[in-house]
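Asker: For reference, the chains in residue letters:
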Amino acid sequence: MYALPYVILMRVHQAAITARRRSRSWHYLAWSAVAGVLASLMIALGASIVLLLWGVGLWWFSIPMAGFMILPVIASPLARHLFVPLGWHRVGYYAGLLSRPGDDAPAYGLCVAAWAFAHRPSPAAEAWIARRRDARKPLGDGEVVVTALVAAGRGDADTARPLLRSVAMLIEDHPAVRELAGEWLATDAAERGAWSELASDALAARWPATPLTYFLEGVACCRIGSAGAPSPSELRARWLLAPYRGTTRGLLEVPVVAAPPPAPTEAVALAPDAGSLEPAPVDGGPLPRAVAAHLAFRSHDPSANRLAATVRAWDAALADGATHGWLARRALELDAPLGAVDRALREVTAAITDELAHAAERARLGAPASQGPVGDGLARRLRHGRLDALETGFTRWSQRRHDGEAHAAIDEWREFIALQAAYDVAVEAGGTELRRLAFPHAFSTGSNMAAWLWNARNEYALSHAISKWLLAEALAVGDTEAIELGHRNCGLHVPHRLGKPG
Amino acid sequence: MSIVDNPFFVLGLSPDASRIEIEREAQKLLGMLELAFEGAQSYDTPLGPQPRTAEAVRAAVAALRDPYRRLIAELWVRNAPPIRRTAPPAAHRAPVLTGLRRALGWRP
Chain A
1 MYALPYVILM
11 RVHQAAITAR
21 RRSRSWHYLA
31 WSAVAGVLAS
41 LMIALGASIV
51 LLLWGVGLWW
61 FSIPMAGFMI
71 LPVIASPLAR
81 HLFVPLGWHR
91 VGYYAGLLSR
101 PGDDAPAYGL
111 CVAAWAFAHR
121 PSPAAEAWIA
131 RRRDARKPLG
141 DGEVVVTALV
151 AAGRGDADTA
161 RPLLRSVAML
171 IEDHPAVREL
181 AGEWLATDAA
191 ERGAWSELAS
201 DALAARWPAT
211 PLTYFLEGVA
221 CCRIGSAGAP
231 SPSELRARWL
241 LAPYRGTTRG
251 LLEVPVVAAP
261 PPAPTEAVAL
271 APDAGSLEPA
281 PVDGGPLPRA
291 VAAHLAFRSH
301 DPSANRLAAT
311 VRAWDAALAD
321 GATHGWLARR
331 ALELDAPLGA
341 VDRALREVTA
351 AITDELAHAA
361 ERARLGAPAS
371 QGPVGDGLAR
381 RLRHGRLDAL
391 ETGFTRWSQR
401 RHDGEAHAAI
411 DEWREFIALQ
421 AAYDVAVEAG
431 GTELRRLAFP
441 HAFSTGSNMA
451 AWLWNARNEY
461 ALSHAISKWL
471 LAEALAVGDT
481 EAIELGHRNC
491 GLHVPHRLGK
501 PG
Chain B
1 MSIVDNPFFV
11 LGLSPDASRI
21 EIEREAQKLL
31 GMLELAFEGA
41 QSYDTPLGPQ
51 PRTAEAVRAA
61 VAALRDPYRR
71 LIAELWVRNA
81 PPIRRTAPPA
91 AHRAPVLTGL
101 RRALGWRP
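Going down the list, the sequences are from chains A and B.
Everything in the first sequence is counted per the numbering used here, starting at 1 for the first residue and increasing by one.
Everything in the second sequence is counted per the numbering used here, starting at 1 for the first residue and increasing by one.
Read the hints as simulated data drawn from the structure, not as lab findings.
From the three backbone atoms N, C-alpha and C, an ideal C-beta is built for every residue, glycine too.
One or more of the hints may lead you astray.
[Claimed, not checked] One side only, chain B facing chain A, incomplete, derived with CB under 10 Å: (1) 3; (2) 4; (3) 32; (4) 55; (5) 76.
[Stated by the list, open to error] Pairwise CB distance ranges, derived in the manner of DEER restraints: (6) B:34 <-> A:433: 53 to 61 Å; (7) A:123 <-> B:34: 50 to 58 Å; (8) A:391 <-> B:20: 50 to 58 Å; (9) A:156 <-> B:83: 40 to 48 Å; (10) B:82 <-> A:384: 32 to 40 Å; (11) A:396 <-> B:54: 40 to 48 Å.
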């Protein structure tokens, strides 16, 4: 008699949570309210049944009924506010299992365990989590998130960040696991003040949002004044829905900024970045202008605009007849050896190119389009250096297949995402030309590795993610053969734990 | 050789300085550095003050004795903007909310 209404409430509650995960509008708040009311009803119904059973003397039956009807509803908040802060990784794991997170509950349970580990790291807890993670094959999003949270627990946020972001590439999709990944990334971005990154995640709806993520995304959109920023009342509603309201109250009082300035026009892009502490326009010819641009580039955060301005200024200065004339005259006055002018120009060009190339590498900037000794040298150096580094990395990765040196699946994944990040950085900096040059080698090694991971290692999700990335790159560079192979590989059914067709 | 380690800035001289002036200034600076005079401990450049050492002074004199190296030093220093007597202001960065992740239930 009581079971049927409870089961109906449970199903509707799960449907409300699922619907909430798909939304980032006012529906999110509505579905959250519905889910909250339903959870309260389930607890009330469960508690009344337990009390009734206890009252009629069936106390021995009331205990499992409490476990079935009340615990699943409160397991998730209990884990977040009690087991995780206490660092109880095992209890957290079982709370995750009990909280009915959907199919394949152990994936979520392990993530909660890793979250708890982060609060009280110990070698024993790490070994316990790693043993359970490694027993789960093939690799899926749960295992990657667990690894990332364990890395975060050890204080290695720089490892955790790309690992969590890489989850979006995997076909296996545990919504509850991805909510945790999204929340970690949101709090991390908020701590770093990376509001644009967080707003971009919100606009792309990369992760199903927890109430805390949803609130932080709203703050981010308000801070950068992006489209879709919530109104003050909606932001307050999000805040009310999220946990840790005492901590996040301060974020509510952030002034909502105006819309971001328009993208720079070509004329602006040629000049060093506006708004920075630049020297006033320099009179006196191309060489003083080049030195001033160089010093401005050195004394501020490197940017593509500043680099372009500096390179163009140097190319103009070094090609200028006045510079050559002054050098020749002064070389005579100083009694410099024969050929000193050409040698000085070569040395200055090499020194400037070297310094700008180092700065561009560090800041992951591309070579600006500029015809001249500095522009050409910089483009050549950046392109060759990046291509060589990429080819070495991909070759080393695929070499393991021939050497029979099989790493754990998670390590294969980490190596792939490191290579992919290096490739993306190089392509972003080097443009389409470098992309076309880098793709064939990446495609050949990546395809072989994807086939090996699928056929020999049964790592289907991993292999599929690599194939999907290669297909996207093939489409970007227009490689017909690679596109055809990519479509064939990506069209394969990918077996994974959630059982849905891939 | 560029701006911050330019021999003329290290010695605090103009690019028109003669060889005799360069040698005399270097000897004076070396003596002041030996006696740890506060005024000799740093030199001004367009990118702000830099620490001055006896090795840097000796290297600067050696560079300016070579006509070719002096030519390159002059190329930079004659076209440099005015020197700056204070360190440049730090670049503006987005404020970091240290400890927020921890306060929101995530470690580290």
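Asker: Hints first: check each against the structure and report whether it holds.
Answerer: The hints, checked one at a time:
With a cut of 10 Å, the hint placing residue 3 (chain B) at the interface with chain A holds, because the nearest CB-to-CB distance is about 6 Å. For the restraint placing residue 4 (chain B) at the interface with chain A, the shortest Cβ-Cβ distance is roughly 9 Å, inside the 10 Å limit, so the hint holds. At its closest, the beta carbon of residue 32 (chain B) sits 28 Å from a beta carbon of chain A; the interface hint therefore is violated under the 10 Å criterion. Given the 10 Å rule on beta carbons, the hint for residue 55 (chain B) is violated: about 21 Å separates it from the nearest Cβ of chain A.
At a threshold of 10 Å, the smallest CB-CB gap from residue 76 (chain B) to chain A is about 7 Å, leaving the interface hint in force. For residue 34 (chain B) and residue 433 (chain A), the Cβ-Cβ distance of about 57 Å falls inside the hinted range of 53 to 61 Å, so the restraint holds. In this structure, residue 123 (chain A) and residue 34 (chain B) meet the distance hint of 50 to 58 Å, their C-beta atoms being roughly 56 Å apart. Checked against the given bound of 50 to 58 Å, the beta carbons of residue 391 (chain A) and residue 20 (chain B), roughly 57 Å apart, stay inside it.
Against the hinted window of 40 to 48 Å, the Cβ-Cβ separation of residue 156 (chain A) and residue 83 (chain B) comes to about 43 Å, which satisfies the hint. Distance hint for residue 82 (chain B) and residue 384 (chain A): a CB-CB separation of about 38 Å, consistent with the stated range 32 to 40 Å. Between residue 396 (chain A) and residue 54 (chain B) the beta carbons are some 47 Å apart, a value that agrees with the proposed interval 40 to 48 Å.
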